[in-house]
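Protein chains: 2
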Amino acid sequence: MPLFEHHVFVCQNSRPAGAPRRSCTADGNSELHTRLQQLVREAGLGNKVRINKAGCLNQCEHGPVMVVYPEAVWYGNVTSDDAKEIVQSHLVGGKPVERLRIADDCLNNPHCPHCG
Amino acid sequence: MPLFEHHVFVCQNSRPAGAPRRSCTADGNSELHTRLQQLVREAGLGNKVRINKAGCLNQCEHGPVMVVYPEAVWYGNVTSDDAKEIVQSHLVGGKPVERLRIADDCLNNPHCPHCG
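Listed in order, the protein sequences are those of chains A and B. Numbering of the first sequence is given in the numbering used here, commencing with residue 1 and proceeding in unit increments. Numbering of the second sequence is given in the numbering used here, commencing with residue 1 and proceeding in unit increments.
These aren't lab readings, by the way, just hints derived from the structure by calculation. One should not assume that every hint holds.
Note that identical chains are pooled: a pair holds if it fits in a single copy or bridges any two copies.
[Unchecked claim] Lysine to aspartate or glutamate pairs mimicking DMTMM-like chemistry, simulated, CA-CA at most 20 angstroms apart:
1. 48 x 5
2. 84 x 31
3. 48 x 71
4. 95 x 85
5. 48 x 98
6. 84 x 98
7. 95 x 31
8. 48 x 104
9. 48 x 105
10. 48 x 61
11. 84 x 104
12. 48 x 27
13. 48 x 81
14. 84 x 105
15. 95 x 27
16. 84 x 27
Given the sequences, and given the hints that come with them, work out the whole structure.
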């Protein structure tokens with residue numbers, strides 16, 4: 001049995017200005033991470049859901065990105081404004097937010113229509 | 001289908017000297033992370049397995065810790081000397097390394113026999 005019903009990893013990666021791949025945060029600080037933490041606590045899920053910081057998740061072209069395990073649901077172009085919907089729909093309700101999901105055929109694919 | 005057959009998160013957390021909870025790294029650099037990355041590449045699993053850095057995974061009493069998703073297998077007291085066995089047995093062979101697993105009833109339990 002997994003320790004956490006949902007274990008969320010939010011990319012904190014930051015690259016120098018002019019780097020060829022996108023940064024998920026400007027300076028290593030993620031307002032998205034902070035907001036998700038707050039909302040999970042407010043929802044009373046502090047023991048069941050962990051909002052974790054992560055290094056580069058290597059889906060930079062879709063950044064800012066995050067992934068939810070054990071279900072392996074990937075979200076891209078996520079901002080702190082999306083945190084409430086992710087918490088309510090996915091982490092509380094168990095229903096992933098389809099509009100934010102990175103399509104399976106875009107993952108690890110630098111030639112997907114959203115890259116380049 | 002998960003993007004990665006195994007997505008490994010290695011805690012990089014470091015606390016000031018004298019902090020009440022254990023640090024998973026002395027200075028935010030993890031030889032374990034580096035070694036796992038090297039061995040996964042050497043095993044030809046670079047596209048199937050990702051070795052990721054993570055912030056605090058909150059199982060500090062068992063640190064250094066890491067977790068492997070989507071199977072949610074937690075390892076504790078792991079050193080870089082354990083990397084080869086983890087890669088060969090678990091990430092290549094699909095068989096978790098039982099001697100390093102954190103027992104289910106120790107996870108999130110500050111009163112487990114290994115804590116305090």
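For this structure, which hints from the list above don't hold up?
-> 5, 7, 11, 12, 13, 14, 15, 16
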